[in-house]
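Chemist: Next come the chains, spelled out residue by residue.
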Amino acid sequence: MQDPVGKIEEKGPTDLEEQIQALIETNHLHLCVECGKCSAVCPMVDFYGEYVPNRCTRSVVERLRFGTDFKEDEALWFCWACKECTFFCPSGVDFQSFMTGFRLSLVSHGYREQAHFCDVCGAYLMPKKQLECLEATLNDKPNKELLYECPKCKKDKYANVLHGLAGSGRIRARSS
Amino acid sequence: MSDAMRVGVFVCHCGTNIGGIVNVPHVVEYARTLPCVACAEGNLYTCSEDGLSTIANKIRELHLNRVVVASCTPRTHETLFRKNCERAGLNKYLFEFVNLREHCSWVHMDKPEKATLKAMDLVRMGVAKVSLLKAREDLSTAVLQAALILGGGISGLSAALVLANQGYRVELVEKEAELGGLLRFVNRVFPTHQPATELLDPLIDSVLKHPNIQVHLGSEIKTVKGFVGNFKATIDENAEMRDLNVGTIIVAVGAQVHKPEDAFGYGRFENVMTQLDFEGRCGGYDAFNRVVMISCVGARCEERSYCGRFCCIVGLKNAILLKEANPRAHVTILHRDVMAVGKLYEEYYRRALEKGIAFVRFDESQPPQVKGAGTRAEKVQVLDTLMGRQIELDADLVLLTTPLVPAADNGLLSRMMKIPLGMDGFFLEAHQKLRPVEFPADGIFVAGCARYPAEISESIAQALAAAAKAAVPMAMGRVVTDAFVAEIDPALCSACGRCVTVCPFGAVDWSEVGGPDHGKKSVAEVNPAECKGCGLCAASCLSGAIRLSGFTDEQIMAMIGSQR
Amino acid sequence: MTQKAVLVLGGGIAGIQASIDLANMGTRVYLVEKKPSIGGRMAQLDKTFPTNDCAMCILAPKMIECANHENITLLTYSELAEIQGETGRFKARVIKKARFVDEDKCVGCGDCAAKCPTKVVDEFNAGLGQRKAIYKYFPQAVPSTYVIDPDHCRLFQGKKCGVCEKTCKAKAIDYGQKDQEILLEVGAVIMATGFDLYDVSALSEYGWGRLKNVLTAMQFERMICASGPTMGHLKRPSDGKEPKTLAFIQCVGSRDVRHKKYCSAVCCMHATKEAILAHEHYPELSSAIFYMDMRAVGKGFQDYIQRAKTEYAVEYIRARPGRITENEENLNPVIHYEDTNTRELKTREFDMVILSQALMPSETNAAVAEKIGVSLDDCGFVSPSQDLLNPFATTRSGVFACGFCQSPMDVPDSVVRASAAASKAAEALASR
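Residue numbers (numbering that gives the first Met the number 0), protein chains in the order written: chain A, 0 to 175; chain G, 0 to 563; chain Y, 0 to 431.
Certain hints may be false.
Said to hold, decoys possible - The list that follows gives simulated cross-link-like pairs (lysine-lysine, DSBU-like), each with its CA atoms no further than 35 angstroms apart: (1) G:K370 with A:K70; (2) Y:K104 with Y:K211; (3) Y:K114 with Y:K90; (4) Y:K345 with A:K128; (5) Y:K308 with G:K110; (6) Y:K345 with A:K127; (7) G:K82 with Y:K3.
Hints in this document: simulated from the structure, not taken from any laboratory.
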């Protein structure tokens with residue numbers, strides 16, 4: 000359920016608005032016919048315990064197409080990118096990929112207040128709202144540390160541990 | 000009467016439709032007790048092959064000379080049972096149909112005992128009447144192998160060509176000075192986006208060159224007389240009256256585009272126009288940056304309840320063309336539903352979405368507002384029901400998507416040829432499901448927008464279908480009509496004219512017969528070839544001069560008079 | 000030498016109409032139908048919109064006309080094996096499958112089926128109800144001859160039986176009957192192969208096949224039909240009770256890139272019709288129709304929708320439901336949806352849910368098209384003609400297509416196009 004860590008494309012439009020527009024097109028958001036299936040399958044209501052129309056997929060797609068100040072629009076940061084909507088969309092809108100790209104785009108342009116980052120390397124992990132929910136769910140459980148490091152950093156950490164455990168020469172150290 | 004009357008009675012269960020309410024075996028037993036009944040049987044489905052062969056076998060075995068079938072409705076099954084009798088060697092007019100379904104089981108579902116008694120009554124009445132029926136022969140009239148086609152648009156042209164190619168003579172009458180109809184004003188056609196002229200010109204060319212087709216331009220139809228096989232139409236061809244003798248007629252007079260009087264700024268703002276107005280302008284699809292289209296203008300409303308069927312697609316077409324000419328343009332379609340029905344149109348809708356054309360849904364109760372200054376519209380405000388908020392769109396072009404409405408002289412043609420109009424003002428076909436291009440009056444057919452808004456492929460389909468129907472009597476060279484027709488006794492006719500007015504098929508007309516003192520008098524006369532045996536004339540006659548064979552006074556009195 | 004004869008493939012309403020028109024013009028017609036009876040999908044419907052005519056009542060006379068017309072030869076339970084030639088001179092080979100019942104002797108009395116020990120799921124009744132291994136496709140079948148299903152018949156499966164042969168008073172049973180090869184010479188061909196129903200179990204979110212009280216529209220038609228498996232009574236499959244609330248979900252499998260991308264054309268209207276019929280049967284019953292666009296474009300269709308709203312307790316909700324779950328106590332289906340007009344997320348329980356399933360070209364259409372050399376599009380429909388002026392032409396000259404196999408369409412449109420194809424076929428024959 001975590002957004003994958005990724006890099007912004009080196010090439011392509013540099014202006015934020017153009018980037019978002021390109022994401023809208025690549026992910027076919029303009030094919031939306033507003034049927035509402037995405038909102039109906041979205042698990043957001045279960046996560047947050049309330050339904051707010053502005054947060055749901057269909058409403059977001061609508062607003063993006065007709066113009067919304069996405070830099071300020073807090074409602075764009077509730078989605079968990081779980082992919083249910085993309086899976087079920089009858090028109091072929093890939094909302095999950097859009098959301099992933101959208102957040103990376105905003106974050107890379109300095110809009111960081113809504114986002115939560117890896118403690119180790121600073122890569123984007125998930126929306127703060129998602130973090131709050133997960134924190135409340137995991138509460139005092141030991142796995143809570145999973146929320147603060149990105150998969151790559153965790154892998155490095157465990158690799159080091161394993162390396163240490165391997166002792167002399169039986170496991171070759173990683174070259175990175 | 001040398002032969003004894005031998006009546007066969009066949010009572011149908013019709014699955015559970017009749018048998019579930021009426022005690023059919025009881026009715027069958029009762030039928031056996033009736034005078035002149037030689038046999039009585041029950042069938043599960045009399046209309047099935049075995050039901051029919053049971054009747055045929057009984058006719059032969061028992062030398063039945065009258066048959067009563069007590070089942071469903073003659074509307075669907077009378078021809079079937081009559082033909083069956085004929086095949087078995089019994090004159091088909093010696094057959095009587097009793098309706099135990101619509102007249103009994105279906106309307107008395109909660110009273111099975113009483114329904115059974117009523118069924119017995121109905122069967123008894125049927126038996127009483129059938130004995131008074133006389134053998135008759137069908138009427139046969141010759142058919143001229145020529146068709147009159149009213150209207151030279153895509154429908155008329157298609158029908159003309161396909162009939163001419165089969166060797167029939169075609170008279171094509173068009174009131175304008177040129178052929179082509181509405182398509183002359185259309186720029187490009189969906190979904191190929193080829194120019195309309197690319198379709199029309201070769202078609203018009205083929206029609207003009209065809210040796211079997213006589214084209215009458217600038218001609219208006221003035222009168223139509225006659226009946227299937229023998230119509231005489233008089234046309235006014237450029238101030239010259241001309242008679243055309245044909246066997247069949249196809250009405251393909253088209254429709255017109257609705258012009259919304261002062262709605263949404265139409266007529267006030269120069270950049271607000273209908274889709275057709277827009278197509279009529281020369282070029283300049285790339286001259287617009289902010290286009291807003293409004294659907295259902297004058298359709299699906301209080302004034303006009305129907306949907307224009309393909310106007311959504313016209314909107315999509317122009318939207319796609321505008322967007323292709325100027326990819327940076329914002330094109331928004333304000334709609335109440337997107338009627339892209341089927342495969343081709345759904346694909347077309349998706350194509351429009353892929354091009355980035357935006358769709359905004361509004362409700363009939365809160366239509367969009369077009370705002371402007373001076374002679375130009377500048378903005379369109381609309382309550383987007385799906386977003387739940389009011390939006391404002393800049394507009395340098397506002398296109399109104401309007402439906403086709405009936406042509407102005409439909410009423411005139413309707414009265415001239417006694418062909419009905421529906422509540423919507425379009426011509427009304429004989430049966431919506433199974434006879435969509437035919438009129439109740441034989442030999443006259445309808446195709447294209449004269450019947451209801453239809454786009455090119457639909458119009459061509461209807462034109463070809465009407466041509467197929469027209470080809471039937473012409474191919475056979477004859478028409479055979481039912482013998483249960485009305486007959487007027489000229490001696491009793493008081494020439495009041497009620498029957499002439501009341502006949503829906505135009506089958507009653509004036510005729511002159513010898514009057515008193517070697518003079519002449521006008522009386523009404525029924526043309527048996529056109530008469531459908533509906534009985535309206537007989538019911539309207541105050542002089543008792545009209546009798547409808549198959550429903551004579553004696554027969555009806557016998558039905559009423561028979562007592563249980 | 001032009002053969003003044005036409006081969007019509009498909010005995011649904013389109014094939015029937017084209018056959019009658021051509022036959023009335025004096026042309027010889029061979030009507031080939033793969034099922035044991037003509038009638039097609041229309042025979043499975045209860046009533047037809049917008050007139051609410053009884054489907055069988057308006058279809059049966061046409062079926063009988065086909066059977067009795069001197070110019071029409073009915074070849075039912077038959078399939079096209081091969082065709083060669085060109086316009087005016089086609090040679091076709093048709094295989095008439097063995098019914099194992101003599102058509103000339105069988106009177107359709109049904110004694111055999113009454114005694115047959117084997118029950119089979121009834122395809123005509125959309126899986127509701129059962130038929131026997133020896134059966135008549137439906138009560139008003141044309142021809143009314145019975146047929147033995149060798150895949151289920153005990154005798155053909157190697158077990159002991161022969162009950163039908165013993166029972167048949169007309170001595171019509173013939174276990175040794177063989178398939179027949181029939182050679183035909185025709186001048187033109189009309190494809191009218193119609194449609195099949197999409198298997199909506201592929202939309203697992205709606206639970207058809209899993210949730211008892213979720214049915215397809217065709218199952219509903221069979222249920223509400225007086226000659227159907229429940230004699231026209233609506234019964235919830237889970238407990239046999241009468242439903243008081245119905246929900247219809249539109250576009251199940253249609254307008255969906257995951258299933259069928261096109262619109263099936265008739266579902267908006269048939270769902271409305273079914274809701275109207277249900278209310279007529281049970282005045283206490285109300286329905287909700289979940290739709291995206293209410294595509295009522297034909298003559299009289301808008302008025303039909305209006306009447307449904309004002310007189311038949313039909314509510315139209317603009318939403319494409321996300322999923323259907325089940326109330327564990329009473330097995331009521333529960334629909335989860337967003338009402339797009341009010342922007343509310345809702346769950347609503349109904350007694351029964353009907354899915355307006357997508358309709359697709361019949362599964363044998365591809366094989367037939369290949370034999371004839373007619374190209375199909377990516378959805379299996381006959382490729383649209385490149386010439387807009389000639390909408391019934393196919394990629395093979397002399398072969399015309401009409402009805403649903405071209406594009407989703409309703410009965411009036413199919414009937415018009417069938418007559419139109421007949422016109423084109425007649426023209427083709429006349430021109431040689």
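Chemist: Check each numbered hint against the structure and report the violated ones by number, ascending.
Modeler: Hints 2 and 3 are the ones this structure does not satisfy, whereas the remaining hints hold.
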